[in-house]
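Listed in order, the protein sequences are those of chains A and B.
First residue of the first sequence? That's 91 in my numbering, and the numbers climb one at a time after it.
First residue of the second sequence? That's 2 in my numbering, and the numbers climb one at a time after it.
Since the hints were made in silico from the structure, they are not lab data.
Hints should not be assumed to be uniformly reliable.
Unchecked claim - Within a straight-line C-alpha distance of at most 30 Å, the following computed DSSO-like cross-link-like pairs (lysine-lysine) qualify:
1. A:LYS157 to B:LYS139
2. A:LYS254 to A:LYS238
3. B:LYS209 to A:LYS157
4. B:LYS108 to A:LYS135
5. B:LYS56 to A:LYS254
6. A:LYS238 to B:LYS108
7. B:LYS94 to A:LYS179
8. B:LYS209 to A:LYS181
9. A:LYS135 to B:LYS224
10. B:LYS56 to A:LYS114
11. B:LYS94 to A:LYS114
12. B:LYS139 to A:LYS135
13. A:LYS238 to B:LYS209
14. B:LYS139 to B:LYS108
15. B:LYS206 to A:LYS157
16. B:LYS56 to A:LYS238
17. A:LYS157 to B:LYS94
18. A:LYS114 to B:LYS206
19. A:LYS157 to B:LYS108
20. B:LYS224 to A:LYS179
21. A:LYS179 to B:LYS139
22. B:LYS209 to A:LYS233
23. A:LYS238 to B:LYS206
24. B:LYS206 to A:LYS263
25. A:LYS231 to B:LYS209
26. B:LYS123 to B:LYS94
27. A:LYS135 to B:LYS56
28. A:LYS219 to A:LYS157
29. B:LYS206 to A:LYS231
30. A:LYS179 to B:LYS209
31. B:LYS123 to A:LYS114
32. B:LYS119 to A:LYS233
33. A:LYS135 to B:LYS119
34. B:LYS123 to A:LYS181
35. A:LYS179 to B:LYS108
36. B:LYS206 to A:LYS179
What the hints assert, rightly or not - The following label-pair restraints were derived from C-beta to C-beta distances:
37. A:THR124 to B:LEU87: 17 to 23 Å
38. B:LEU173 to A:ASP191: 53 to 59 Å
39. A:PRO159 to B:ASN155: 43 to 49 Å
40. B:LYS119 to A:GLU252: 34 to 40 Å
Ideal Cβ placement from N, Cα and C applies to all residues, glycine included.
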Amino acid sequence: MNKLAIFLFLTLSVQVNAQRFIGKNGEINFFSETPIEDISAVNNKVSAVFDGSTNDLVFQLNIADFKFPIALMQEHFNENYLESDLHPKSKFIGRVVNIIDEQATVSGDLTIHGITNSIDVVGSFIKSKNSVLINSQFIIKLKDYNIKIPKIVMYKIAEEIEVKVNIELIKLK
Amino acid sequence: MKKTIILSIYFCSFSVKAQDNLLNLLSQDNEPIYITYLFKGTKVVNGQSVELPSKGVLQFTIQHRFGTLNSGFYNLYGLDNSQVRLGFDYGIKDFLAVGLGRSSTTKTIDANSKLRIKRQIKDGFPVTIVANFATYVKQWQYTDNQLDNFLFTNQLSFAHQLLIARKINRDLTLQISPTLIHYNLVETLDEPNDKFSLGLGGRYKIAKRITVNIEYFHQLNDKINNNVLSFGFDIETGGHVFQLHLSNSAAMFERAFIHETNGNWLDGDIYFGFNISRVFTLNK
């Protein structure tokens, strides 16, 4: 019993000093093609942390940081669809479950618009001594996150949105 | 058994703690969260709101005001008489916009600039402050040049406004607008060139895309005409904002609707009007 306690304390201290990688200027963009207008937006202030010892991976961004080419879309996105005043942040809390040839499977909980769903995403995960490069692409369905689209809008909005993630994490000293 | 429990608790708590710690690492920088979208449009009803067109956006507004509702069936309750203001507003920067418009009946051209001075911040600065400066030119004809007092500068009048608004909650925004109107030429010696007024306005969201707006300007000195009281409905339909108005003034620029309003609500001098605005993104 004592040995176990010592062991736990030891590992705890080891793991606190674990290798962590952090990035604060990642990019997430999304795109949806509709007959009338393509909708796209980019967020360059995505932050993420990867813990090399536990394989924990978390992402976080502010919804209001998404920039649209058309200001009115940005307003509708914040005001009507994502309601960024009520749900200012989106986050992902997960873990890298599998890496084969720099292709990783990440699984965890994605929270958008105050709704959390568990997702599995595959992407490239290039880890070197001092950095981790993450590149991924996946589809989210608006109805999974309770994002309602009114029947009368000028431009159609697709039910599925393609999301691209691109971030470089640097080893935390 | 005991060990297993301790171990599992340990790992459980550890993994939660680790991920929380990781999130905490990200939440350290506290950038101010600006409160945005206080009003749906750049105007409350007739008067300017604290909203500006975004940078690179050109907003084209067609404003219509009909005659009074009490003008009888012969005039189709005012619909026979209509006046128009065509206006353009352009966002040079996110905090600076300029506008140009012309009102038909009064043959007045107005030019204005709006400058956002401060923004409301969540748990921080309480209000958004915008300054609005406008110049009005009354158009003249060749024969007007014969008049004794004809000078170009005499055709000018100005408005200086401070627009102070606070988004109380996601539905309710209130605005207070101290205003100074300067007339370069007044009709009588007794009339002052500078007139002060205080505007009060607000909007309440009754549905996600519909707001009810109200606006009142109280004249503070040398009041000759009535104070203006207006109600509006803003309906957002994607690319357009469609605004319906009821007001005791038919004018569509500050000088005229604040100090030159003849209509009286209680007598039924109510003007129905609507605005349609369309935005064009010129500069992406």
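Hints, verified against the model:
Distance restraint check for LYS157 (chain A) and LYS139 (chain B): the Cα-Cα separation of roughly 41 Å exceeds the 30 Å cut-off, and the hinted pair is therefore not satisfied. With a C-alpha separation of about 22 Å, the suggested pairing of LYS254 (chain A) with LYS238 (chain A) holds against the 30 Å cut-off. Pair hint LYS209 (chain B) plus LYS157 (chain A) holds up; C-alpha atoms about 22 Å apart against a cutoff of 30 Å. For the proposed pair LYS108 (chain B) and LYS135 (chain A), the alpha carbon gap of about 49 Å is over 30 Å, so the pair is violated.
Annotation: proposed proximity of LYS56 (chain B) to LYS254 (chain A) holds, straight-line Cα distance about 26 Å (limit 30 Å). Distance restraint check for LYS238 (chain A) and LYS108 (chain B): the Cα-Cα separation of roughly 46 Å exceeds the 30 Å cut-off, and the hinted pair is therefore not satisfied. Using a Cα cut-off of 30 Å, the hinted pair LYS94 (chain B) and LYS179 (chain A) holds, with the two alpha carbons roughly 26 Å apart. About 25 Å separates the Cα atoms of LYS209 (chain B) and LYS181 (chain A), which keeps this hinted pair within 30 Å; it holds.
Distance restraint check for LYS135 (chain A) and LYS224 (chain B): the Cα-Cα separation of roughly 53 Å exceeds the 30 Å cut-off, and the hinted pair is therefore not satisfied. Between LYS56 (chain B) and LYS114 (chain A), the direct Cα distance comes to roughly 26 Å. Compliance with the 30 Å bound is thereby established for this hinted pair. Among the hinted pairs, LYS94 (chain B) with LYS114 (chain A) is consistent with the structure: their alpha-carbon atoms are about 27 Å apart, no more than 30 Å. As the CA atoms of LYS139 (chain B) and LYS135 (chain A) are separated by approximately 50 Å, the hinted pair breaks the 30 Å bound.
With a C-alpha separation of about 11 Å, the suggested pair LYS238 (chain A) and LYS209 (chain B) falls inside the 30 Å cut-off, and the hint holds. Restraint check: the Cα-Cα separation between LYS139 (chain B) and LYS108 (chain B) comes to about 6 Å, which is no more than 30 Å; the hinted pair holds. In summary, the hint linking LYS206 (chain B) to LYS157 (chain A) is supported, as the alpha carbons are separated by about 25 Å, within the 30 Å threshold. At most 30 Å may separate the alpha-carbon atoms for a hinted pair to count; LYS56 (chain B) and LYS238 (chain A) meet this at roughly 28 Å.
Between LYS157 (chain A) and LYS94 (chain B) the CA atoms are separated by roughly 15 Å; this keeps the pair inside 30 Å, and the hint holds. For the given pair, LYS114 (chain A) sits about 36 Å from LYS206 (chain B) by alpha-carbon distance, which is inconsistent with the 30 Å threshold. Between the alpha carbons of LYS157 (chain A) and LYS108 (chain B) the distance comes to roughly 40 Å, so the proposed pair goes past 30 Å and is violated. Our distance criterion of 30 Å between C-alpha atoms is broken by LYS224 (chain B) and LYS179 (chain A), whose separation comes to about 51 Å.
For the given pair, LYS179 (chain A) sits about 51 Å from LYS139 (chain B) by alpha-carbon distance, which is inconsistent with the 30 Å threshold. A threshold of 30 Å between alpha carbons decides the hint, and for LYS209 (chain B) with LYS233 (chain A) the separation of about 18 Å falls inside it, so the pair holds. At roughly 18 Å between alpha-carbon atoms, LYS238 (chain A) and LYS206 (chain B) fall within 30 Å of each other, so this suggested pair holds. Restraint check: the Cα-Cα separation between LYS206 (chain B) and LYS263 (chain A) comes to about 49 Å, which exceeds 30 Å; the hinted pair is violated.
Of the supplied pair hints, the one linking LYS231 (chain A) and LYS209 (chain B) holds, its CA atoms being roughly 22 Å apart against a limit of 30 Å. Annotation: proposed proximity of LYS123 (chain B) to LYS94 (chain B) holds, straight-line Cα distance about 23 Å (limit 30 Å). Restraint check for LYS135 (chain A) and LYS56 (chain B): satisfied, since their Cα atoms lie roughly 20 Å apart, inside the 30 Å limit. Between LYS219 (chain A) and LYS157 (chain A), the direct Cα distance comes to roughly 33 Å. Violation of the 30 Å bound is thereby established for this hinted pair.
For the proposed pair LYS206 (chain B) and LYS231 (chain A), the alpha carbon gap of about 28 Å is at most 30 Å, so the pair holds. About 21 Å separates the Cα atoms of LYS179 (chain A) and LYS209 (chain B), which keeps this hinted pair within 30 Å; it holds. A distance of roughly 22 Å separates the Cα atoms of LYS123 (chain B) and LYS114 (chain A); the hinted pair therefore holds under the 30 Å criterion. Between LYS119 (chain B) and LYS233 (chain A) the alpha-carbon distance is near 37 Å, which puts this suggested pair outside the 30 Å criterion.
For a cut-off of 30 Å, the pair hint linking LYS135 (chain A) to LYS119 (chain B) stands: about 24 Å separates their Cα positions. The straight-line distance between the Cα atoms of LYS123 (chain B) and LYS181 (chain A) is roughly 20 Å, inside the 30 Å bound, and the hint therefore holds. For the hint pairing LYS179 (chain A) with LYS108 (chain B), the CA-to-CA distance comes to about 50 Å; that exceeds 30 Å, so the pair is violated. With a C-alpha separation of about 23 Å, the suggested pair LYS206 (chain B) and LYS179 (chain A) falls inside the 30 Å cut-off, and the hint holds.
In this structure, THR124 (chain A) and LEU87 (chain B) break the distance hint of 17 to 23 Å, their C-beta atoms being roughly 31 Å apart. A beta carbon spacing of about 56 Å between LEU173 (chain B) and ASP191 (chain A) agrees with the range 53 to 59 Å that was offered as a hint. For PRO159 (chain A) paired with ASN155 (chain B), a C-beta distance near 46 Å keeps the hint of 43 to 49 Å intact. Roughly 39 Å separates the CB atoms of LYS119 (chain B) and GLU252 (chain A), a value that falls within the hinted 34 to 40 Å.
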